[in-house]
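Enquirer: Sequence:
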Amino acid sequence: MGVPPRPRGGHQPDPLGPGAVRLTDRSCRLCGWIAGLSEVRTGIPVEIEATVDRVWAEVTDFAAHTEWMEDAHAIRFGTDQREGPGTVLLIDTRVGPFRTTDRFEITEIEPLLSVAGRHTGLFRGEGRFELSSPSPKRTSLVWRERIRFPWLLGGPAAALVGRVVLRRVWTRNLATLKRRIETGADPG
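Position one of the sequence shown corresponds to residue 1 (the numbering used here), numbered consecutively onward.
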């Protein structure tokens, strides 16, 4: 028995057979629709009476996030790097009775404008802080998140509940950050 001839055009035949549909196929619209239901997308704004430099110092002091994020109970660095793209944070997270370690890798930093990263643990997605300065002593901060709930934890059903719970938690976190900055707490 020899090797079957290669089809014209150099493409290998699909080992699952012609017309096979995979969960990753773009043609699987139902799969995409269900995956979309498993996502939480949010953007939460806050106005802070402080310079953009001051807000930036807090937002990029990753080790101190536990001081204003009620869901972050401990933060460790997963690499020797402590700042910039490639920095990995291991965040022990608790929301209600649920506990997990969120692996978050910084992917982008635009000084005084934005810091973004990717969640690559049990929960997957992206997070971003965006800053702008409408006046010299006022900063607008928007916290954006896109988190996919795993099927193991209920996927779409968990995301439906998680959307409400996480938005409340993140809104409280930003209120705590605002108070911390406006009352002059040490940024690190």
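Derived from the structure by calculation, the hints contain no laboratory data.
Among these hints, one or two may not hold up.
Using C-beta positions, here's what the derived DEER-type ranges look like [what the hints assert, rightly or not]:
id	residue 1	residue 2	range
1	G154	E182	32 to 40 angstroms
2	D80	S140	31 to 39 angstroms
3	L153	P111	33 to 41 angstroms
4	R82	E110	12 to 20 angstroms
5	E105	P134	28 to 36 angstroms
6	G43	H73	23 to 31 angstroms
Think of the CB as a built atom: it goes at the ideal place given N, C-alpha and C, for glycine as much as any other residue.
Enquirer: Quick check: which numbered hints come out false for this structure?
Expert: Those not satisfied: there are none.
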